[in-house]
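Enquirer: For reference, the chains in residue letters:
Protein chains: 4
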Amino acid sequence: MQLKIGIIGLGRIGNIHYNNIRYHIPEAEVVMVSDVDKNRMPDDVPYGDAGTLIGHPDVEAVVICSPTDTHANYVAQCAREGKHVFCEKPLDLSLARIRETLAVVRQHDIQLMLGFNRRFDANFMKLKALVDEGKIGDVQLVKITSRDPAPPSVDYLKSSGGLFLDMTIHDFDMARYVMGKEVKEVYAAASALTGGAVAEADDIDTAVVTLKFEDGSMAVIDNSRKAVYGYDQRLEVFGSKGMAHVENNKPDTHMYYNGEGAASALPLHFFMERYTMSYLTEMKAFVKSVQGKQPVPVGGGDGLKATMLAVAAQQSVERNTPVTLVGENVVHQ
Amino acid sequence: MQLKIGIIGLGRIGNIHYNNIRYHIPEAEVVMVSDVDKNRMPDDVPYGDAGTLIGHPDVEAVVICSPTDTHANYVAQCAREGKHVFCEKPLDLSLARIRETLAVVRQHDIQLMLGFNRRFDANFMKLKALVDEGKIGDVQLVKITSRDPAPPSVDYLKSSGGLFLDMTIHDFDMARYVMGKEVKEVYAAASALTGGAVAEADDIDTAVVTLKFEDGSMAVIDNSRKAVYGYDQRLEVFGSKGMAHVENNKPDTHMYYNGEGAASALPLHFFMERYTMSYLTEMKAFVKSVQGKQPVPVGGGDGLKATMLAVAAQQSVERNTPVTLVGENVVHQ
Amino acid sequence: MQLKIGIIGLGRIGNIHYNNIRYHIPEAEVVMVSDVDKNRMPDDVPYGDAGTLIGHPDVEAVVICSPTDTHANYVAQCAREGKHVFCEKPLDLSLARIRETLAVVRQHDIQLMLGFNRRFDANFMKLKALVDEGKIGDVQLVKITSRDPAPPSVDYLKSSGGLFLDMTIHDFDMARYVMGKEVKEVYAAASALTGGAVAEADDIDTAVVTLKFEDGSMAVIDNSRKAVYGYDQRLEVFGSKGMAHVENNKPDTHMYYNGEGAASALPLHFFMERYTMSYLTEMKAFVKSVQGKQPVPVGGGDGLKATMLAVAAQQSVERNTPVTLVGENVVHQ
Amino acid sequence: MQLKIGIIGLGRIGNIHYNNIRYHIPEAEVVMVSDVDKNRMPDDVPYGDAGTLIGHPDVEAVVICSPTDTHANYVAQCAREGKHVFCEKPLDLSLARIRETLAVVRQHDIQLMLGFNRRFDANFMKLKALVDEGKIGDVQLVKITSRDPAPPSVDYLKSSGGLFLDMTIHDFDMARYVMGKEVKEVYAAASALTGGAVAEADDIDTAVVTLKFEDGSMAVIDNSRKAVYGYDQRLEVFGSKGMAHVENNKPDTHMYYNGEGAASALPLHFFMERYTMSYLTEMKAFVKSVQGKQPVPVGGGDGLKATMLAVAAQQSVERNTPVTLVGENVVHQ
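Residue numbers (my numbering), protein chains in the order written: chain W, 21 to 353; chain F, 21 to 353; chain E, 21 to 353; chain X, 21 to 353.
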C-alpha cells in the first residue's frame with residue numbers, strides 16, 4: 021500500500037518534495053496539494069486549502085512547506101487530526117511556541133519529522149558512519165563550514181529570525197547529529213562585513229560559534245552569507261583514533277593546466293543542486309518511518325534543541341559572553 | 021506537443037530510457053513498449069510486438085534497446101516506416117551490415133541517433149568544451165583509460181564481438197569526438213591476463229591501442245576487463261596551449277586519516293551509477309534533435325567509424341602490425 | 021663579506037640553524053658555537069661559553085637556541101654588546117620580562133628577529149601573497165588548524181607555559197601575519213581530552229580560540245596535542261573576493277586503489293620534516309636583514325603581541341569570558 | 021673512512037653531485053675535480069685533468085658528468101685503473117660501444133652504477149615498493165607520462181641521439197624497473213608537432229611507445245618535448261590486486277577560489293627542482309654500493325637494456341612496425 025501524502029506549500033522546497041514523492045518513491049503518492057498561489061498547482065492532483073487537506077480522509081501524512089509562521093499551527097492541526105507530519109525547519113522561531121506545539125504532538129499518536137535534510141547528504145552521512153563505526157574514536161572536535169553564495173533579499177532577511185535561526189540552525193543540528201551528545205555552552209562571535217542586503221536588514225553575516233559539549237569535546241561553526249565562489253559546505257571530525265573531512269561537491273572532476281596555472285571547477289553553486297539527493301533520501305526516510313520500518317530520524321526534540329542553540333548564540337552575541345544550556349533551557353550566566 | 025516514443029527492449033538500458041522519458045523529459049512520452057519478456061512490461065503503457073510498435077501510427081520515434089543482432093533490422097524497418105530512431109550501440113557487429121543499414125536510412129527522411137552515451141557525461145563534455153574553446157590549442161594527444169570492474173559472463177563474451185567491438189568501441193568514439201578528426205592508422209597490443217570468464221571465452225581482456233590521426237596527432241587507449249577497485253573511466257587531452265584531464269566520480273568526498281594511512285572512497289563501481297546523468301542528457305538530446313531544435317549529435321556515420329576502428333584493432337592484433345584506414349575502408353598494409 | 025655568526029645552543033633547532041648557515045647560506049659563516057653539552061660541539065668551529073661568544077669581537081650576530089628561560093638575558097647582553105640577534109621563540113613567558121628586554125633592545129642599534137619560522141613556509145607564504153595581492157579582498161575570516169602528532173614529555177609540558185604559550189603562540193603570530201591587523205578580543209575554549217602526559221602535567225590539550233580584529237573580521241584556531249595521523253598544519257583565508265586554503269604536505273603523491281578502498285600517504289609526521297625549508301628561508305631572511313638588504317620580517321614587537329594573545333587566551337579559559345586587548349595590554353572585562 | 025671521490029665534469033649535473041657529496045654525504049668526500057672550463061672549479065678542491073684524476077692514487081671512485089661522447093672512454097679507463105664509477109646516462113649512443121665498454125668493466129673488479137636518477141624519486145620508489153609488497157598483484161600495465169616544459173636547443177637536439185635515446189631512455193628504464201621483467205617487443209608512434217627547435221633539428225617531439233613484456237603484460241609511455249604547463253612526470257601501475265599512481269609535485273598545496281574558478285599551483289617546472297632529492301638519494305646509494313653495503317642498484321646492463329629499447333623504438337618508427345628484442349639483441353621482423 022502506498023502512503024497517501026498531502027503537501028502544503030508548493031514553493032521551491034515543496035516542489036522538490038512533490039517531484040520526489042511522485043516520481044522516485046513508489047511507496048508513496050501525492051493525493052492532495054495546497055498553495056495560496058493556485059498557478060503552482062499541478063493539473064492532475066486534487067487541490068484543497070490547508071485545513072481541508074489536513075482534515076481530508078484520503079490524507080495519511082502531511083508535508084508542510086508553507087512559510088515558517090504557519091508551521092506550528094499546521095503541525096498542531098495535523099496532530100489533532102491524527103496525521104503524520106513532515107515539517108520543514110524551523111518549527112517556529114519562538115522556543116515557547118515550539119514547546120507548546122511539541123506538547124500537542126506528544127498527546128497524539130503521530131510521527132513528526134523535521135526537515136534537516138543535510139543529515140541525509142552522502143558526505144555527511146559518511147562522516148556520521150565513520151563516527152558510529154568507531155573509526156574516529158572519542159570525537160574531540162567537529163568543525164563545520166557553511167557559507168552561502170549570496171545573501172537573500174532584505175525582506176527575507178527581516179523575517180528570517182537572523183543568521184543563527186535561519187542559517188546556522190542547520191549546523192547546530194549537524195553538530196549534535198555527528199557528536200551524538202548535547203551542548204552545554206555556546207559562545208558566538210559575529211560581525212556584519214558584507215554590506216548590501218544584510219546591512220540594510222541590520223543583520224549579521226559572518227559568525228564563528230564555539231560549542232562545548234558535556235564531556236569537554238567541542239564544535240566550531242563558521243558561517244558567511246556571501247562566499248563569492250559559491251556554496252561552501254564542509255565538515256570535519258577529529259578524535260582519539262582518527263580524523264575525517266568532506267569537501268564540497270563539484271559539477272565535474274576536470275583539472276586544466278596551462279602556462280598560467282592549474283584550474284578546476286567551483287563547488288556546486290546552489291543548495292538545490294548540492295542537496296538534490298539529500299531531499300530524496302530524507303523523504304524516503306519519512307515514508308519508511310510512517311510505515312513503521314524505522315524510527316523517525318529527526319524528531320521534534322531535534323528541532324527544539326537546534327533552535328535553543330540558535331537562541332543561545334544570539335544571546336551570546338548580544339551579551340558578549342558564553343551562554344549555558346541546562347536541559348531544555350537557555351540559562352544566562 | 022510531446023514526442024510520442026515507442027521503446028523496443030526493456031532490459032537494463034531500456035528501463036533507464038523508459039524512466040528518463042517518463043519522469044524527466046516532459047517534452048516526450050512513452051506511448052508503446054515491446055519486450056520478449058512480458059513480465060517486464062509496465063501496467064499502464066500499451067504493449068505491442070516490435071513490428072506492431074514500429075508500424076503504429078501513434079509512434080513517432082523508436083528507441084531500440086533489444087539485443088545487438090536485432091538492431092540493423094529494426095533500424096531499417098523504422099526508416100521504411102518513416103520513424104525516427106535512437107539505437108543503442110553497436111548498430112551491428114558487421115561493417116557490411118552497418119553500411120547496408122545506413123544506406124536504407126539515407127533513403128528516408130528520418131533522424132538516426134546512436135547511443136554513445138559517454139559523449140553526454142559531464143566530465144567528458146567539459147573536456148570537449150575546453151578543446152572547442154581553444155583552451156587546449158592544437159590537440160596532440162588524447163589518453164583514455166577505460167576499465168570494467170569485472171568481466172561479463174562467458175555467454176555474453178562469446179556473442180559480444182570481442183573486447184574491441186564490445187568495450188573499446190566507446191573509447192574509439194570518444195577519441196574521434198574529442199579530437200574532431202579522423203584516424204588514419206591503428207595499432208593494438210592485447211593480452212589475456214585475467215583468466216576466468218575471459219579465458220573460457222578465449223578472448224582478450226587487456227589492451228593498449230594507439231591511434232594516429234591525419235595530422236600526426238595521436239590517441240592512446242588502455243582497457244581492462246577487470247579492475248578490482250571498480251569502474252575506471254578517465255580521459256586526458258594534451259595540446260599546444262594546455263592539458264586537461266578528468267578523474268573518476270566518487271560516491272562521496274570524504275578523506276579519512278588514522279595512524280595507518282589516509283583513505284578516500286573508491287570510484288563509483290557500476291556503469292549505471294557512473295553514467296546515470298549521461299543517459300538522461302543523451303535522451304534529451306535525441307528528443308531535441310527529432311523536434312528539429314539541434315542536429316543529431318551522434319549519427320550513423322559515427323557508429324560506422326567506431327566499428328571500423330574496432331575491426332582495425334582486431335586485425336592489428338591478429339597480424340601484429342599497424343592497420344591503415346582509408347575513407348570508410350580498413351586497408352591492410 | 022660573510023656575516024660572522026655565533027650560535028648559542030646546539031640542540032635540535034640550533035643544529036638546524038648551524039647546518040643551514042654552514043652549508044646553505046654562503047653569505048654567512050658560523051664563527052663560534054656554545055652549548056652546555058660539549059659533546060654536541062663540531063670539531064672545526066671554535067667553542068666559547070655564552071658570555072664569551074656574545075662578547076667576542078669576531079661575532080657580528082648571535083643565534084639564540086638555548087632554553088627559553090635564558091632568552092631574555094642573552095638578548096639583552098647581545099644588545100648591550102651591539103650584536104644583532106636571532107632568537108628562537110618565545111622571548112620569555114612573562115610579558116613584563118619581554119617588555120623590559122625590548123626596552124633594552126630599543127636603546128641599542130641592533131636588529132632583533134624572532135624565530136616564527138612558519139611565516140617562511142611555502143604554503144603559508146603563498147596564502148599571505150594572495151592576501152597581499154588583493155586576491156582575497158577584505159579578509160573576513162582566517163582559520164588555522166595546528167595539531168601535533170603526540171604530546172611532549174611531562175617535564176617539557178610543566179615548563180612550557182602551557183598550550184597557548186608553547187604551541188598556539190605560532191598560530192597567534194600566523195593570524196596577525198596573514199591578517200595584517202591587530203586583535204582586539206580573545207575567547208578561548210579548552211579541554212583536557214587526551215589523558216597521558218597532558219593529564220599528568222595538569223595541562224589542557226585541545227582548544228578552540230576565536231580572535232576578533234579591530235574591524236570586525238575574525239580568526240579561529242583549533243589545536244590538539246595529539247593527532248594520531250600526524251602533524252596537521254592547515255590554513256584558510258576567506259574574504260570579500262575569494263578564499264584560499266593550504267593542505268598538509270605529504271612525503272609522496274601516490275594514490276593506491278584496491279577492492280577495499282583508496283589510500284594516500286599521511287602528512288609529513290614531524291615538524292622538522294614539515295618545516296625544513298622554512299628554517300632555511302627564515303635564516304636567509306635574518307642574514308639579509310642584518311646586511312641591511314631588507315627590514316627584519318619578525319621583530320620583537322611581534323613576539324610581544326603573540327605572547328599577549330597567549331596570555332589573554334589563558335585568562336579567557338580561566339574566567340570563561342572573552343578578554344580584551346588594548347594597545348599592548350591585556351584588559352579584563 | 022670516507023670514500024674519496026673524483027668528479028669529471030662540473031656542469032649542471034656535475035655540480036649537483038659535487039654539492040651533494042660535499043655537504044650532504046658525510047660518508048664521502050670530493051678529493052679532486054676536473055672540467056674543461058677552469059672557471060667552474062671550486063677554490064679549495066684540487067684540480068686534475070680527466071686522465072690525471074682517474075689515475076690519481078687518492079681517488080677511489082669517479083663520478084662522470086662530462087659530455088656523452090666521453091663516457092665510454094672514461095668508464096673503460098676507470099675500470100683499468102680499478103676505480104669504481106658512477107656514470108651519468110647514457111653510457112653511449114651506440115649499442116656496440118656500450119657492449120665493448122661493459123666487456124672491459126667485467127674484466128676488472130669495480131662497481132659501475134648508471135645515473136638513472138628517477139629510480140630514486142620518492143614517488144616512483146613508493147610505486148615500486150607497492151609492487152614489491154604485492155599490493156598491485158601481477159602487474160598488467162604500467163603507464164608513464166614524461167613531458168618536458170620546453171625543447172632544448174637545436175645544437176643539443178642534433179647531438180642528443182633523438183627523443184628516444186635522450187628523453188624516453190629514462191622511461192624505458194623506469195618501465196623495466198617497475199615491472200621487474202624484460203621487454204620482448206616495442207612499437208613506437210611518433211610525430212613532430214611542436215615546430216621550433218625540434219623542426220629545425222629535424223627530430224620528433226611527440227611519441228607513444230607500447231612495450232610488450234615476456235608474460236603478456238604491457239607498458240605504454242607518452243612523451244612530449246613541450247608541455248606549456250611545465251614538467252610532467254607521472255606513473256601508474258595496474259595489476260590483478262590493485263592500481264596505484266603518482267601525480268606531479270607542486271611547490272605548494274594552495275587552492276584558490278573566486279567567482280571565476282578554482283586554481284592551484286602548477287607542477288614544479290624544472291627537472292632540477294623536481295628531482296633534487298632523487299640526485300642525493302642516488303649518490304648515497306652509489307657510496308653505499310662501493311662500500312659494499314648494498315648491491316649496485318642500477319648497473320651497466322640496465323644502461324644497455326634501456327638503450328636497446330630506445331634503438332628498437334627508433335627502428336619501429338622508421339619501419340612503422342613492432343620490433344622484437346631477443347636477449348641483448350634488437351631483431352627486425
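Hint data in this document are derived by calculation from the structure and do not stem from the laboratory. Incorrect hints may appear among the rest.
Because identical chains share one entry, a pair is satisfied inside a single copy or across any pair of copies.
To be verified - Lysine to any residue pairs mimicking SDA-like chemistry, simulated, CA-CA at most 20 Å apart:
id, residue 1, residue 2
1, 246, 76
2, 146, 281
3, 146, 280
4, 313, 281
Enquirer: One pair to classify: residue 313 and residue 281, alpha carbons no more than 20 Å apart. Within, between, both, or neither?
Expert: Close neither inside one copy (52 Å) nor across copies (31 Å); limit 20 Å.
Enquirer: Is it within, between, both, or neither for residue 146 and residue 280, if the alpha carbons may be no more than 20 Å apart?
Expert: The answer is between: 16 Å across copies meets 20 Å, while 36 Å in one copy does not.
Enquirer: One pair to classify: residue 146 and residue 281, alpha carbons no more than 20 Å apart. Within, between, both, or neither?
Expert: between (33 Å within a copy, 14 Å between copies)
Enquirer: At most 20 Å between alpha carbons: which applies to residue 246 and residue 76, within, between, both or neither?
Expert: Classified as neither; 43 Å inside a copy, 56 Å across copies.
Consistency with the previously given hints fails for numbers 1 and 4, ordered from lowest to highest.
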